[in-house]
Amino acid sequence: MHDLVHLERRGIPAVGIATAPFADEAIEQARRLGMPGARMVYIPHPVQLLTDDELDARADAIFPDVLAALTGGE
Amino acid sequence: MAADYVSPFDERVRAAEPLAPRPASIRGRRVVLLDIRKNRGAEFLDRIETLLQAAGAATARTTKEIFSKPAALALIGDIAGQADLVVEALAD
Amino acid sequence: MSTMQVAAPKFQLEDSWETVNAWFLERDMTDGLPIVPPTESRVRAMSDYAERTLGWSAQDLVATLAPNCGLATVEKIAANAVMAGCKPEYMPVLIACIQAIAYPKFNLDAVQTSTHNTSALPVVNGPIRKAIDLNWGYNYTGSRWQSTATIGRALRLIMSNIGGTPGSVNIHTQGHIGRYEYCIAENEEESPWEPLHVERGFRPGQSVVTLIGSDAPLSISDHRSRTPEDLAWVLAWAAASAWSTNWWPLEEPSVFVICPEHAEMFRAAGWTKQQLRRFMFDAVHKPAAELRRGETTPFVHAADPAAQVPKWASPEAIVLIVAGGEAGRYSAVLGPCTGMGSQIVSREVRSPWPLTT
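Residue numbers (the numbering used here), protein chains in the order written: chain A, 1284 to 1357; chain B, 3 to 94; chain C, 215 to 571.
Keep in mind that the hints were calculated from the coordinates and are not lab data. Among the hints, erroneous ones may be present.
Pairs of lysine-lysine residues, derived as BS3-like cross-links and limited to a Cα-Cα distance of at most 25 angstroms, are as follows [what the hints assert, rightly or not]:
{"id": "1", "chain 1": "C", "residue 1": "Lys301", "chain 2": "C", "residue 2": "Lys344"}
{"id": "2", "chain 1": "C", "residue 1": "Lys319", "chain 2": "B", "residue 2": "Lys40"}
{"id": "3", "chain 1": "C", "residue 1": "Lys224", "chain 2": "C", "residue 2": "Lys301"}
{"id": "4", "chain 1": "C", "residue 1": "Lys319", "chain 2": "B", "residue 2": "Lys66"}
{"id": "5", "chain 1": "B", "residue 1": "Lys66", "chain 2": "B", "residue 2": "Lys40"}
Start from the sequences and build out the full structure, keeping to the hints where you can.
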């Protein structure tokens, strides 16, 4: 979250991707760092034991959200 | 009867800062993919990179020193100097 | 003297133990246990002690704590110390602990926010141990000992209330009992070796806290070894599965707490700390082929199957301290905070001047 905030402050739109259990922590850190709107996209947990195809499918599923986060769409 | 107590936590609320302005599209933009170096992150970003390129973006890859600390400001500076957009992954 | 000063707000509540505790519990500002209400007078007594003995002012900023960049002023440290049940004379040790965990190389951010079940372990050395009646003998982890228990508890409350956000920013998968209280003192009197702080470059007469990111302790029984070699072998191999069974070698420190009876065997044989450390390092090796199951390191994957892989990357990853009661042949090992770049930090318990990094 610190990285995203630093980049946004330098005028660089950024998005972080994490697994769902990190959501609460990320939201709170963003608020405390002064950038509650910092963009995050979440994928289901866990990922460590996914096959490559399954991992690709997770990426495919959230790619529209990644684009939306970088281009200001909802 | 009331008594006065001292707050034990940091109750400062920072005024919310705005995000950087977003472009209308990623086509023609340079996206830097920042790998935080957790396991499977590189493969995940491989797929995201492929999708970004298919959508018309130019891409570059870089890595954080270690996933557990914020990136060094020098690295942030380097990224900011070459990127229009950044994707950071994968925290699990 | 710190140039940044921040006043802690005051708030009013009904002067009732039940009301105050309910208020704090509802806001996740405690560890789930009852607290001593942080009245202005109690907090002032804490911060006044720090001012009288060390020169800190109540509104001086001691450190900024991750992950939320919380401002740990003397007054806020004092408020949490009151809640934990500390006496004012514990403040100098607590302040030194806060300075240590805020040091960048400790990486408090990772200790606070990872799923890894780690906590910040303070090891206290020097004259301050006796001055504030810390416990380094039987049950040194704090049960029934006000100083050890409350300093450890205060440190935890501060990490949560100031560095983190009460109720969140703690996703340790298993948790760690050290998240209630964790603070130990070394048994320098029954140790045959130089204490930890002297080994790390301090004078024996200096009071020092050393903060180590550590897992929960594993008890090591050895009642039958008759030689220092056998005992050292048993101690070393007890840590073979620290962090993860096949994740070899470990870069980060494993802390061995050697009980006085075990230490006596090494003393009688004339073993130095370095000799013991070297023996333990050499004792724990396995062929790479035996480590290629489940989670293991890139090092093991790349090694020749017959190559001998050490448990630790170097002997210096083995930290040795002495603590525990004079009877009983149980030592302990605390696994490392692995993979997060957390390094051991020592701070002298002293005045804020001159400020050092």
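Straight-line alpha-carbon gap C/Lys319 to B/Lys66, limit 25 angstroms: 16 angstroms, holds
Can the restraint linking C/Lys224 and C/Lys301 be considered satisfied, given a maximum Cα separation of 25 angstroms? 21 angstroms, holds
Holds or violated: B/Lys66 to B/Lys40, with C-alpha atoms at most 25 angstroms apart: Cα-Cα ~10 angstroms, so holds.
So if I understand the rule, the pair passes when the alpha-carbon distance is 25 angstroms or less; does C/Lys301 with C/Lys344 pass? 15 angstroms, holds
Agreement of C/Lys319 and B/Lys40 with the hint, judged by alpha carbon distance not exceeding 25 angstroms: 20 angstroms, holds
When held up to the earlier numbered hints, the structure conflicts with none and fits them all.
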